[in-house]
Structure formats: structure tokens, C-alpha cells
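Q: Chain residues, written in single-letter form:
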Amino acid sequence: MDLQVEKLETHEARITITLTDEAIALARREVARKLSKQMRVPGFRPGMAPVNVVIGAVGEQAFANELADVLGNKYYAKAIDESELEPYGPGQLEDLKTAPPQLIVRVPLEPTVDLKDYKSIRVPYTAPAITDEDVEQQVQYVREENAIVTLVERPAELGDLVEADVEVTAEGKEVLHNHRPIVLDDAKIGLPGLADAIVGMSAGEHKDATVTLPDDLTDESLRGKTATAVIDVKRVSSRQLPEVGDELAQTVGSFSTLDELRNDMRNRLIEYRTRSSDMQYQTQVLDTFTGLSQVSYPPAYLEERLKELLDELKSDIQRDERMPFEEWLKVRAKTEEQAREELRPNAATRARRGLVMREMARAENIVVTDAEIAAEVERTMSQYGNTDTAELRRALMRGDNLRSIQNTILSNKVLGRIAEIARGETTEQAVETAPATDATEETPAGNEASV
Amino acid sequence: MHPYEVLKRPLITEKSQWQVGYEASQYAFEVDVRANKSQIKEAVEVAFDVTVTRVNVIVMPPKRRRNPRSRITGAGAAQLIRSPKWKKAIVQVKTGDRIPLFEGVA
Numbered sequence: 169m170d171l172q173v174e175k176l177e178t179h180e181a182r183i184t185i186t187l188t189d190e191a192i193a194l195a196r197r198e199v200a201r202k203l204s205k206q207m208r209v210p211g212f213r214p215g216m217a218p219v220n221v222v223i224g225a226v227g228e229q230a231f232a233n234e235l236a237d238v239l240g241n242k243y244y245a246k247a248i249d250e251s252e253l254e255p256y257g258p259g260q261l262e263d264l265k266t267a268p269p270q271l272i273v274r275v276p277l278e279p280t281v282d283l284k285d286y287k288s289i290r291v292p293y294t295a296p297a298i299t300d301e302d303v304e305q306q307v308q309y310v311r312e313e314n315a316i317v318t319l320v321e322r323p324a325e326l327g328d329l330v331e332a333d334v335e336v337t338a339e340g341k342e343v344l345h346n347h348r349p350i351v352l353d354d355a356k357i358g359l360p361g362l363a364d365a366i367v368g369m370s371a372g373e374h375k376d377a378t379v380t381l382p383d384d385l386t387d388e389s390l391r392g393k394t395a396t397a398v399i400d401v402k403r404v405s406s407r408q409l410p411e412v413g414d415e416l417a418q419t420v421g422s423f424s425t426l427d428e429l430r431n432d433m434r435n436r437l438i439e440y441r442t443r444s445s446d447m448q449y450q451t452q453v454l455d456t457f458t459g460l461s462q463v464s465y466p467p468a469y470l471e472e473r474l475k476e477l478l479d480e481l482k483s484d485i486q487r488d489e490r491m492p493f494e495e496w497l498k499v500r501a502k503t504e505e506q507a508r509e510e511l512r513p514n515a516a517t518r519a520r521r522g523l524v525m526r527e528m529a530r531a532e533n534i535v536v537t538d539a540e541i542a543a544e545v546e547r548t549m550s551q552y553g554n555t556d557t558a559e560l561r562r563a564l565m566r567g568d569n570l571r572s573i574q575n576t577i578l579s580n581k582v583l584g585r586i587a588e589i590a591r592g593e594t595t596e597q598a599v600e601t602a603p604a605t606d607a608t609e610e611t612p613a614g615n616e617a618s619v
Numbered sequence: 252m253h254p255y256e257v258l259k260r261p262l263i264t265e266k267s268q269w270q271v272g273y274e275a276s277q278y279a280f281e282v283d284v285r286a287n288k289s290q291i292k293e294a295v296e297v298a299f300d301v302t303v304t305r306v307n308v309i310v311m312p313p314k315r316r317r318n319p320r321s322r323i324t325g326a327g328a329a330q331l332i333r334s335p336k337w338k339k340a341i342v343q344v345k346t347g348d349r350i351p352l353f354e355g356v357a
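Line by line, the protein sequences give chains A and B.
Here the numbering used here runs 168 ahead of the position in the first sequence, where the first position is 1.
Here the numbering used here runs 251 ahead of the position in the second sequence, where the first position is 1.
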């Protein structure tokens with residue numbers, strides 16, 4: 169057996185295995201034996217028919233296919249071992265030459281990731297700022313939620329709560345259709361001019377009005393067009409907003425003063441904004457890291473990610489749209505092949521991100537501990553409410569569920585770590601710049617091992 | 252008898268394959284029951300361009316068997332199937348001569 173390995177640009181390798189004639193003859197006999205065992209050749213006991221008789225019985229092509237199979241099984245694994253390649257998946261037989269006998273196999277290689285100098289990557293992080301105005305706005309919302317609504321027998325005024333059927337149409341298309349009570353305020357309705365049209369109407373009145381559609385309408389073709397509004401007012405109620413003061417705070421919850429309410433709102437805002445900006449930051453950092461790393465993977469890897477995406481799309485459609493995937497394709501006049509092609513860029517991003525994260529976990533020695541899994545399982549269980557807990561726990565700790573829990577924890581940890589790196593908050597960095605600062609949140613052992 | 256009427260088909264079986272491997276190859280044929288040794292010799296020589304050194308013939312006896320899956324019921328149940336008698340010829344050729352029809356012994 170003679171090997172020749174050629175690396176391809178597509179992160180695959182082409183292995184040419186040159187075999188001796190004896191090896192081929194041996195394999196042919198093996199194939200004949202196998203085939204004549206499977207089918208009866210008249211005049212011969214099962215497995216005893218010679219090669220030429222078997223070829224005559226099954227045909228040239230079938231015999232060649234079987235031969236390729238046998239040769240592949242016999243020599244492929246050996247060739248992979250000897251060539252010291254790291255295959256990602258099963259190789260594909262490209263060609264089987266007879267003179268000289270050669271097997272040509274294309275092997276997808278294990279993806280490689282070069283993170284480059286990822287520890288020096290910095291991405292500026294801006295902490296979310298909460299201004300007093302933000303807080304005041306929240307207080308305003310609370311006021312509106314707690315407005316005292318009373319039915320009145322007068323024409324509607326701005327700021328009133330009006331129950332009306334409103335239908336706005338332009339060029340045969342429906343822009344707005346509303347039966348619910350609306351507050352007469354342009355900012356809340358989203359169609360400037362509509363509130364003005366309703367002002368002055370009393371309960372039971374009907375009116376046809378025209379409004380000019382704003383430039384930020386979702387339907388681009390209707391922007392700036394004139395629309396007709398058919399308004400039927402049913403009820404008009406006045407709204408009285410409560411005063412901003414300690415009393416408001418007391419009605420809202422267990423706060424005794426307005427300042428307490430404000431503080432609580434501020435804290436909640438900070439928490440919410442920090443979380444969302446952290447997530448945004450993590451994605452941004454991951455993109456930066458991914459962009460800087462050198463990732464290469466074989467087409468087979470991409471195809472697998474593509475299949476994952478397509479499966480996810482299918483189950484999403486099943487769940488959200490409540491129709492079979494085939495129907496969904498029909499509605500959009502697409503073939504499955506087209507849908508798949510549309511997902512291809514996503515698959516590439518996913519492949520790159522996934523590989524970078526996996527490599528990062530390895531480089532930073534990030535592992536998922538049993539305790540973390542247990543904690544995550546408890547958390548998931550609390551979301552399900554009080555179902556049969558023992559059974560649920562067992563279900564969660566098994567197979568796919570366990571794997572997905574592990575993956576979630578791992579990717580969260582990796583994202584957290586790279587965010588730390590990008591902010592320059594790693595232990596090493598802290599030691600270098602300011603030895604006194606207390607930044608020993610992560611285990612130093614993990615960092616040392618990776619250096 | 253015309254030579255082409257004599258040979259009916261080559262017999263390719265484990266045994267006949269084995270005999271092909273003899274020093275002087277032997278080839279087995281099913282031949283017409285009316286054919287005699289000299290006719291068989293001539294037929295093989297004409298058809299395959301070899302020199303025949305010996306011809307052995309044997310008449311394979313007719314056989315009868317019953318088909319238990321037959322749908323005939325009653326007294327004649329399990330239909331009787333007869334196979335006719337036939338003549339087998341084993342032809343030895345001159346050392347070195349070969350008949351390609353049987354070739355390719357592994």
C-alpha cells in the first residue's frame with residue numbers, strides 16, 4: 169500500500185492509495201465470495217462461485233461498486249492512520265483506477281481554528297447610563313397605568329380615553345383597525361392627525377375623516393399618502409392622572425415614599441439595560457473574535473450546520489405557524505432547495521462562531537461542572553412549575569436534554585469569558601497592570617494551563 | 252448431424268471448473284442425446300478451434316419429482332414433474348489448448 173496525500177483548498181485532503189495487483193485480486197475474490205453467498209449461482213455451492221462467474225451473474229457495474237466498498241473498508245482506515253490526518257467525517261471515494269490500481273478518496277478534515285492573539289483583543293464597553301429623565305418616564309408610565317377613568321357625557325378632548333371603531337384605509341389597503349379603547353394622543357396612536365379628528369366627537373357619533381400617513385409607516389408604498397378614516401365613537405371617558413407624590417408610590421406597591429419608588433425603578437432599569445447591553449456586547453465581542461480568528465472547515469461541516477438550521481426552521485414553522493413545512497414552502501413559492509440556499513450564509517456564520525467558541529473553551533480551559541448542570545436543571549424545572557419533579561429531573565438529565573443544557577452553560581461561560589477578555593478584566597491583565605486590584609474571580613489555574 | 256446441433260450449452264459448475272484446471276483441460280457440455288463421441292469431437296473442434304484428445308459421455312437419467320405446492324387436489328395431488336434424460340459430454344483437449352468460454356478461473 170502506497171500513500172499520497174494532497175491537501176485541498178477546501179480543507180479536505182485527497183488521498184491516493186496505490187494498491188498492489190495481489191491486493192486487488194484478493195479483494196476481487198472476497199467480493200465474489202460475498203456476492204455468491206448472497207445469491208445462488210446455479211452449479212455452485214453458496215460462496216464457491218469464481219470471480220468471472222459472479223461477474224457474469226451480477227454485472228460489471230455492481231461488482232465494481234462492491235469492490236470499491238470492500239477496498240474502502242479494508243484500506244481507508246489504514247490509510248487514515250498512516251497519513252496522520254484528522255478526518256472530520258467519512259471520506260468519499262472519488263475514483264477507483266485499475267491500472268495501476270488506485271483508490272482516490274476525498275476526506276473532510278477536522279476544522280481548525282487559529283484564535284491568533286485573542287488575549288490582546290479589546291472592545292470598548294459602554295455601561296448603560298440611566299438618567300433621571302428615564303426614571304421620570306417610568307414614573308409617567310405608572311401614572312398613566314393608575315389613571316382614574318370616568319365615563320363622561322361630553323365631546324372628546326385630547327388625552328381622553330375613547331372607545332371607538334376606527335378603520336383607516338389607503339389605496340384599498342388597511343392601515344389600522346382598532347376596537348380597543350385608545351388614548352387620544354398622537355404619540356400613542358402612531359398616526360398623526362387621527363387624534364385631532366376624533367377630538368370633538370361624542371359617544372354615538374360617526375365621522376369620515378382623512379389623515380396623511382406618516383413617513384415612518386412600515387408599508388413603504390403608502391408613506392405620505394392620504395388615507396380615509398371611518399370613526400364610530402362608542403364611549404368617551406376622561407382620564408385623571410394621579411399626582412406625582414408619596415401617595416402614588418403607596419398605591420403602586422409597598423413603597424412609602426416617592427423616592428423609594430424612584431429608586432426601585434432606577435434599579436430595575438439598570439438591571440434590565442445592563443443585561444441587554446451585556447448581551448449585545450457579548451455578541452459584538454464574539455463577532456470581533458470570530459472576525460480576527462482564522463477558521464477553516466470542510467464543506468461537509470458547513471452542510472451539517474445547514475442541515476441543523478433547516479431542521480430548526482422546520483420545527484419553528486411547525487410550532488409558530490402551525491402548518492407543515494411543505495405548505496409553508498408553497499405559500500412562499502419556494503422549493504426546499506431554495507430555502508436551504510437562503511440559509512447558507514447563516515450556516516457559515518454559525519459554523520465560524522461555533523468553532524471559535526469551542527476553541528476558546530479549550531484554550532481557556534472552560535469546563536462545565538456537575539454542580540452547574542444541577543443548578544441549571546433546577547432552574548429549568550422551576551420554569552415548568554410543579555409537575556412530577558423526579559421524573560422531570562430524570563428526563564432533563566438524559567441524552568439530548570443534558571447535552572443541550574451543557575451546551576448552554578458552556579456557551580454562556582465562554583461568552584462571559586471573552587467579554588472579560590475584551591474588557592481587559594482577566595486575571596493576568598490585572599496582575600500586569602495593577603497587582604493590588606482584586607480580580608480573582610476566575611481560577612488562575614485555568615489561565616496558566618492555557619498559556 | 253450438423254456440428255452446431257450437437258452442443259447445447261456449456262456446463263459451468265464447481266466440478267467442471269475444477270476439471271478445466273487439469274493439465275489437459277476437460278470441458279463439460281450438455282449435448283444432443285442423439286450425438287455420438289465422434290460427432291461431439293468434431294463439433295468442439297469446429298466451434299472452439301482446439302484439438303480434442305478424448306471424449307467421455309454419460310446419459311443422465313430422467314428424473315421424476317412431485318411438487319407438493321401444486322394446486323391439483325384429489326387423487327393426483329402433488330403434481331408429478333418429469334425431467335427428460337440428457338447427455339453430458341466431458342471433452343479433453345490437447346495440453347495447452349483452451350476454450351475461452353470457460354476462462355477466468357480464479
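Honestly, the hints are just simulated from the structure, not real lab data.
Be a bit skeptical, because a hint or two may be false.
Dumping the calculated PhoX-like pairs for lysine-lysine here, alpha-carbon to alpha-carbon at most 25 Å [stated by the list, open to error]: (1) B:K266 - A:K202; (2) A:K202 - A:K287; (3) B:K266 - A:K205.
Q: Against which earlier hints does the structure fall short, listed by number upward?
A: 2
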